[in-house]
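K.L.:
Letter by letter, the chains look like this.
Number of protein chains: 2
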Amino acid sequence: MDIKEQIRELATAAKKAAALAARANTAQKNATLREIAKGIEANKTFLLAENAKDLQAARAKGLSEAMLDRLSLTEATLASIAAGVEEVAALPDPVGEVAALWRRPNGLLVGKMRIPLGVIGIIYEARPNVTVDAASLCLKAGNAVILRGGSEAAFSNLALGRVLGEALVRNGLPAALMQVVPTTDRNAVYELLQREDLIDLIIPRGGEELIRAVVSQSKIPVLKHYKGVCHIFVDEDCDIEMALNIVMNAKTQRPGVCNALETLLVHEKVAPLFLPLLWERMTAAGVEIRGCEFTRRLLEGAKIATEADWYEEYLALLLAVKVVANIEEAIVHIEKYGSLHTEAIITNSYERAQRFLNEVNSSTVLVNASTRFSDGFELGLGAEIGISTTKLHAFGPMGLEGLTTTKFIVYGNGQVRK
Amino acid sequence: MDIKEQIRELATAAKKAAALAARANTAQKNATLREIAKGIEANKTFLLAENAKDLQAARAKGLSEAMLDRLSLTEATLASIAAGVEEVAALPDPVGEVAALWRRPNGLLVGKMRIPLGVIGIIYEARPNVTVDAASLCLKAGNAVILRGGSEAAFSNLALGRVLGEALVRNGLPAALMQVVPTTDRNAVYELLQREDLIDLIIPRGGEELIRAVVSQSKIPVLKHYKGVCHIFVDEDCDIEMALNIVMNAKTQRPGVCNALETLLVHEKVAPLFLPLLWERMTAAGVEIRGCEFTRRLLEGAKIATEADWYEEYLALLLAVKVVANIEEAIVHIEKYGSLHTEAIITNSYERAQRFLNEVNSSTVLVNASTRFSDGFELGLGAEIGISTTKLHAFGPMGLEGLTTTKFIVYGNGQVRK
Numbered sequence: 011m012d013i014k015e016q017i018r019e020l021a022t023a024a025k026k027a028a029a030l031a032a033r034a035n036t037a038q039k040n041a042t043l044r045e046i047a048k049g050i051e052a053n054k055t056f057l058l059a060e061n062a063k064d065l066q067a068a069r070a071k072g073l074s075e076a077m078l079d080r081l082s083l084t085e086a087t088l089a090s091i092a093a094g095v096e097e098v099a100a101l102p103d104p105v106g107e108v109a110a111l112w113r114r115p116n117g118l119l120v121g122k123m124r125i126p127l128g129v130i131g132i133i134y135e136a137r138p139n140v141t142v143d144a145a146s147l148c149l150k151a152g153n154a155v156i157l158r159g160g161s162e163a164a165f166s167n168l169a170l171g172r173v174l175g176e177a178l179v180r181n182g183l184p185a186a187l188m189q190v191v192p193t194t195d196r197n198a199v200y201e202l203l204q205r206e207d208l209i210d211l212i213i214p215r216g217g218e219e220l221i222r223a224v225v226s227q228s229k230i231p232v233l234k235h236y237k238g239v240c241h242i243f244v245d246e247d248c249d250i251e252m253a254l255n256i257v258m259n260a261k262t263q264r265p266g267v268c269n270a271l272e273t274l275l276v277h278e279k280v281a282p283l284f285l286p287l288l289w290e291r292m293t294a295a296g297v298e299i300r301g302c303e304f305t306r307r308l309l310e311g312a313k314i315a316t317e318a319d320w321y322e323e324y325l326a327l328l329l330a331v332k333v334v335a336n337i338e339e340a341i342v343h344i345e346k347y348g349s350l351h352t353e354a355i356i357t358n359s360y361e362r363a364q365r366f367l368n369e370v371n372s373s374t375v376l377v378n379a380s381t382r383f384s385d386g387f388e389l390g391l392g393a394e395i396g397i398s399t400t401k402l403h404a405f406g407p408m409g410l411e412g413l414t415t416t417k418f419i420v421y422g423n424g425q426v427r428k
Numbered sequence: 011m012d013i014k015e016q017i018r019e020l021a022t023a024a025k026k027a028a029a030l031a032a033r034a035n036t037a038q039k040n041a042t043l044r045e046i047a048k049g050i051e052a053n054k055t056f057l058l059a060e061n062a063k064d065l066q067a068a069r070a071k072g073l074s075e076a077m078l079d080r081l082s083l084t085e086a087t088l089a090s091i092a093a094g095v096e097e098v099a100a101l102p103d104p105v106g107e108v109a110a111l112w113r114r115p116n117g118l119l120v121g122k123m124r125i126p127l128g129v130i131g132i133i134y135e136a137r138p139n140v141t142v143d144a145a146s147l148c149l150k151a152g153n154a155v156i157l158r159g160g161s162e163a164a165f166s167n168l169a170l171g172r173v174l175g176e177a178l179v180r181n182g183l184p185a186a187l188m189q190v191v192p193t194t195d196r197n198a199v200y201e202l203l204q205r206e207d208l209i210d211l212i213i214p215r216g217g218e219e220l221i222r223a224v225v226s227q228s229k230i231p232v233l234k235h236y237k238g239v240c241h242i243f244v245d246e247d248c249d250i251e252m253a254l255n256i257v258m259n260a261k262t263q264r265p266g267v268c269n270a271l272e273t274l275l276v277h278e279k280v281a282p283l284f285l286p287l288l289w290e291r292m293t294a295a296g297v298e299i300r301g302c303e304f305t306r307r308l309l310e311g312a313k314i315a316t317e318a319d320w321y322e323e324y325l326a327l328l329l330a331v332k333v334v335a336n337i338e339e340a341i342v343h344i345e346k347y348g349s350l351h352t353e354a355i356i357t358n359s360y361e362r363a364q365r366f367l368n369e370v371n372s373s374t375v376l377v378n379a380s381t382r383f384s385d386g387f388e389l390g391l392g393a394e395i396g397i398s399t400t401k402l403h404a405f406g407p408m409g410l411e412g413l414t415t416t417k418f419i420v421y422g423n424g425q426v427r428k
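Protein chains in written order, with this note's numbering: chain A, 11 to 428; chain B, 11 to 428.
What the hints contain is simulated information worked out from the structure, not anything from laboratory work.
Check each hint, because a few of them may be wrong.
Copies of one chain are not kept apart here, so a pair can be met inside one copy or by any two copies together.
[Claimed, not checked] Subject to a maximum C-alpha distance of 30 Å in a straight line, what follows is the list of computed DSS-like cross-link-like pairs (lysine-lysine):
1. K48 <-> K26
2. K14 <-> K279
3. K346 <-> K25
4. K25 <-> K14
5. K346 <-> K122
6. K229 <-> K14
7. K63 <-> K428
8. K313 <-> K71
9. K428 <-> K71
10. K25 <-> K229
11. K313 <-> K63
12. K71 <-> K237
13. K237 <-> K428
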């Protein structure tokens with residue numbers, strides 16, 4: 011069977027299974043999730059052995075330590091994956107919710123009911139934890155999922171897929187609800203991305219290169235963010251100690267993630283006081299600063315920031331700093347160079363806090379808090395399947411609700427159109 | 011200047027204008043809308059004269075009467091277009107709404123604020139009323155709009171565009187908020203559809219052919235429905251007179267629209283009573299019935315329905331009829347042949363009403379009411395910019411809310427991530 015036909019069959023099975031998942035009740039879905047958690051614990055030895063095969067091959071291929079680290083499963087990571095599934099089981103079920111019903115003048119009672127999207131394809135790198143994580147969220151929202159991870163994790167993912175399938179079948183659901191693509195053929199991804207007739211949504215999880223490749227090939231809607239060039243604006247009137255804490259946290263607590271700070275904008279009135287204090291802490295933390303001319307007059311050691319720096323997502327211990335004349339200039343800078351991801355203002359001014367919240371239309375906008383809170387768990391969504399900087403459907407961190415849509419339901423008693 | 015550059019400039023101006031529209035307050039937007047309504051009345055003579063040029067050329071080209079009818083502006087249609095704009099002015103402004111704020115354990119106050127999408131492109135046929143209608147809704151939702159109507163309406167659309175631009179400028183908004191593409195060059199549409207960097211959403215309005223052409227070329231998300239193969243299921247336990255009224259209304263009140271009934275499913279227990287009564291009324295209304303074998307045993311004059319009929323959107327006085335054994339078979343038929351548009355059940359059974367509402371995941375599902383209510387105005391959205399049968403972002407009739415998205419807003423007091 012060629013790869014095109016193989017993917018068509020797999021996606022057809024997923025679509026058929028999705029209709030059953032949409033009707034599964036909450037108890038059945040939660041029982042399945044708890045069974046998955048138990049299955050991961052019960053199959054530890056098998057899962058670690060399969061993962062060892064991937065690790066051995068990856069080492070032979072000379073993969074970087076960082077990649078090996080993400081690929082590796084241990085007793086501890088398996089326990090944490092299982093705990094994550096238990097957490098998804100504990101979340102409220104989004105399906106079937108009708109937030110409101112309204113009465114029309116002709117007596118029709120109209121509402122919007124939350125329903126699953128259908129079939130979701132996840133394209134990701136060699137991180138076996140994503141396999142279970144994404145599959146659990148998709149099931150909770152009543153969807154079928156097709157999982158295509160990096161080929162370096164092929165043994166691990168197929169082994170996890172077996173555990174997923176067993177839990178589904180034991181709870182009266184079809185194994186086709188969670189399918190790991192059983193081939194490392196590179197064309198499998200291309201063929202998946204053509205099946206707009208069978209798949210409703212594609213979520214790529216990984217670096218910008220992976221995401222661009224998926225977007226350029228896909229006929230199916232893709233939920234994506236290319237990068238997070240996040241800004242903090244330190245206003246003239248602010249609590250300096252709070253500003254220092256937040257900026258340090260946003261830049262250094264985990265510099266390699268998309269909601270980390272990349273460009274700092276500082277009001278010129280506070281810059282002479284604030285920047286030298288920041289410099290002390292940043293250099294102590296090993297952060298290199300690239301600044302505008304004004305910044306460099308205040309910080310002798312700072313390198314010059316070029317035009318390219320303002321567009322840069324460093325994901326590293328590097329910070330671009332620009333001094334601005336006022337909030338207006340800060341907002342204009344964010345509009346020009348930002349990526350619509352996450353921006354924050356540090357201020358004591360009620361008026362400027364409200365103005366920043368209203369006028370900056372990035373997916374998450376904060377006042378007096380770290381950009382690192384732009385995250386599904388931290389915002390209270392209970393989970394996160396990804397972050398979208400595309401404005402359609404979901405904008406920003408996306409939890410279970412982003413894996414659903416709504417239909418109109420109408421209760422009538424014989425109404426016809428005049 | 012070549013067409014590619016011309017479209018890039020136009021879309022760049024739209025994006026710049028969109029940032030201003032996003033900040034415009036409700037009073038300013040409503041004043042502009044009322045000015046548009048007044049401008050249409052005040053410029054009647056000019057608009058009718060420009061429309062006459064289009065009509066003359068269209069007649070010379072031998073356009074059909076139906077197309078001429080849609081292209082034609084009269085004093086009455088201009089008055090009704092102006093009244094439509096007044097209605098949009100009277101709708102609540104969706105922008106800025108925060109439905110709820112929730113408190114996180116660390117004290118952060120989190121909410122989702124409704125914001126405009128940005129720049130919206132409308133691609134439509136030679137119907138000048140759409141120009142004003144779509145532009146008004148986009149402005150109310152804080153968006154810029156690029157309008158590209160059928161070339162047969164070029165003079166009419168440019169004339170209307172002038173009225174729109176004057177109203178904007180008179181209210182302190184840039185004319186680039188509502189731009190009619192000033193060329194009939196066919197490549198203009200293709201170039202628009204490539205500008206994913208400048209345009210956020212494309213809405214095609216027209217027949218299936220137009221929509222498929224747009225979807226196949228677009229790099230920008232498209233809100234679309236290809237067709238509406240709408241079903242009514244007449245259950246065994248129902249009010250026969252109500253069922254007859256609703257089925258007649260859904261089929262004959264306006265057969266050429268997407269929410270008209272195309273396939274009728276009848277429970278076998280009620281078919282012998284119901285179908286002959288329906289036949290009488292349908293034939294009196296000039297409707298041809300194509301039925302399954304069972305149907306033809308009850309209705310001698312009915313033609314046979316082929317497999318192709320179950321997929322068909324007739325948009326005409328034709329009705330496909332199938333007798334089914336139970337609600338299960340009805341739902342399976344709808345899943346297989348339906349277009350996810352609109353389906354209704356006529357029943358007295360509480361259990362089957364709820365089951366149909368829960369299990370049929372089309373964009374609008376009704377109990378004891380005509381499919382013709384699947385419409386933004388009728389469902390109480392206040393307006394309709396289109397109907398989507400794609401599940402992402404908006405599913406079903408789409409009003410002002412569908413022209414917006416939400417961002418997360420976060421009020422903190424110094425929180426950092428641990």
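K.L.:
Indicate, hint by hint, whether the structure satisfies it.
P.N.:
Against the structure, the hints:
no. : hint          : in the structure
1   : K48 <-> K26   : within (27 Å within a copy, 54 Å between copies)
2   : K14 <-> K279  : neither (62 Å within a copy, 45 Å between copies)
3   : K346 <-> K25  : between (42 Å within a copy, 12 Å between copies)
4   : K25 <-> K14   : within (16 Å within a copy, 40 Å between copies)
5   : K346 <-> K122 : between (37 Å within a copy, 23 Å between copies)
6   : K229 <-> K14  : both (15 Å within a copy, 24 Å between copies)
7   : K63 <-> K428  : neither (69 Å within a copy, 36 Å between copies)
8   : K313 <-> K71  : neither (38 Å within a copy, 67 Å between copies)
9   : K428 <-> K71  : neither (71 Å within a copy, 36 Å between copies)
10  : K25 <-> K229  : both (17 Å within a copy, 25 Å between copies)
11  : K313 <-> K63  : neither (46 Å within a copy, 64 Å between copies)
12  : K71 <-> K237  : within (28 Å within a copy, 51 Å between copies)
13  : K237 <-> K428 : between (52 Å within a copy, 23 Å between copies)
Hint check: violations occur at hints 2, 7, 8, 9, 11; the rest are consistent with the structure.
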